[in-house]
Amino acid sequence: MATQLIVEPAAIEELGLDPGLLTDLALKTVFFRGRLTRAELSDALKLSASVTQDLMQALTLDGLASVLGAESGTPSNYMYTLTGKGAERAEAALGRSGYVGPAPVPLREYIAHVRQQSIGDVVVTREQVLRSMRGLVLAEQTLTRIGRAASSRKSTLIYGPSGNGKTTAVRAVGAAIEGAIDIPFAVEMMGHIVHLYDPSKHQPAGDDEAGDGDLLRVRRDRRWARVRRPVIWAGGELTRHSLELVYDDNTKVYEAPLQLKANGGTLIIDDFGRQQIPAVQLLNRWIVALEGGIDHLTLHTGQTIEVPFDVLILFSTNLPPEQLADEAFLRRIRYKVEIPNPTPDDYRAIFRLECASRDLPYDDAAVTHLLDRWYGRQSREMRGCHPRDIVEAIVDAAQYEQHDPLLSIEAIDEACATYFLTPLNAPG
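Under my numbering, think of the first position of the sequence shown as 1, with each following residue one higher.
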C-alpha cells in the first residue's frame, strides 16, 4: 500500500512549530558550525530554501547573525555566522535543549501520519509468508497458523522448545510485512524534542525527493526519513526503562522507546519471560496499548503524552505459556502458535538443507545412524538447530585435518561426541 507523499512546507507557519524553537535550532546549528551557507543550513535542518531564508533573514534583522559574503552570486551560497549577541543566545538555547539536527515534526502531525500508514491496513498473504519463511522447515499446519496470525496483524505468541527456529520464524513474520513508511527524525512533544529515527533500527527505503524533473518539481519533506516497515527486536536485556521516554540530563533531549520506534512495523520480544521485567508486568504495561492502539508516555516533568501504538507485537518464548501469566493475561495476546520439535522427516529435510548450504553431499544412511544412535537409544529430543551444528562440526573437523568434509558415520559420531552433553555409553 503506497503512502501519501509528505510535501515540504514552504513557509514557517506550515511547520506547526513554535517560532522560538526554530530560532533556537538555527542559532545552535550555526553556533556549532561556526559559519555556513544558507543551503548548508537548509540541509542541516532539512527545511526548504524559502523557510531557511526567512529564518536567516529574521536572525540577521535581529542582530543575531551576519552575512560574511557569498561563495557565488546566488543567495543560497551566502555565508552566515553569529554575532556576539547571537552566540550568547545560542548558548542560552543550548542550556534549555542540546538538540541539534533536523527540525522536529509536531506530535499531532506525527499521529496523523501514523494513522495514514497504519500497519493495520497492510495485506499479508500466504505467498508473502511462505517466501519469508523459505529455508525454515516447519510443519504445514504450523506455517499456516503463523501465516494467519501475521495476516491478522494482531499480537502473537510463538512458543516451544529452544532451538527449533522460533526467533527465525518471528523475524520472518516481520520481513513478510512489506512496504515503506515515513518516520520523522525527531518529534516535538509539549515543547520537548524526542529522537525517533534510529539508524541502527530503521532501514532506508528510498530517496527524499519525488517528482518528474519539471521546474515545479514537488519536494518531499526531508524531516521525514523514508524507511522499510520496521522490524525491531528486543531480548532478555529488555527493561521497564526501555519502554519509556529516556531523558538525557545533559542534553535535555529524549530518546523514543522501542515501541514508538516500531510504529508502523513489528516489535519482537524474544525470550519472553526472561526479561528483567516480569512477563505479567510487561503485559500489564501494554494492556491499553494492545487493545486500544494507544500508549501513554511520561515526560520527566510528570506530564503524560498519548501516542499511537501501531505495532504488530510478536512474543517468542521457550517457557510454557502457563508459566508466563494466567489465562486472563494471556488472552491479551490474540494468537498462540507452538513450534514443536521436528519429526524425523523434518529433521532429515533440515539436514539436507544444511548439507546443501555447505556443499556437503547428503548421505541418508549416515543420518539414519545419527537418529538411531544419538537420539533413539538415548531418548534425546530432536531440535531444529542440531543439523546445522553437527554439519558445522563436521566441516570444522575437515578443515583442521585438511581434507574435504564427508558425511560419514565416523564423522557424525565424532561431531556428536563433542556436541551433546550426555556421551554415548556403548558403541553401536
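Hints are computed from structural coordinates only; laboratory data are not their basis. Careful, some of the hints might be misleading.
Label-pair ranges, simulated between beta-carbon atoms [unchecked claim]:
id : residue 1 : residue 2 : range
1  : Ala87     : Lys201    : 29 to 39 Å
2  : Glu322    : Gln116    : 35 to 45 Å
3  : Ala11     : Lys201    : 25 to 35 Å
4  : Glu327    : Glu140    : 24 to 34 Å
5  : Arg33     : Lys201    : 21 to 31 Å
6  : Asn250    : Ala417    : 36 to 46 Å
From the three backbone atoms N, C-alpha and C, an ideal C-beta is built for every residue, glycine too.
Unsatisfied constraints (hint numbers, rising): Result: hint 6 breaks, nothing else.
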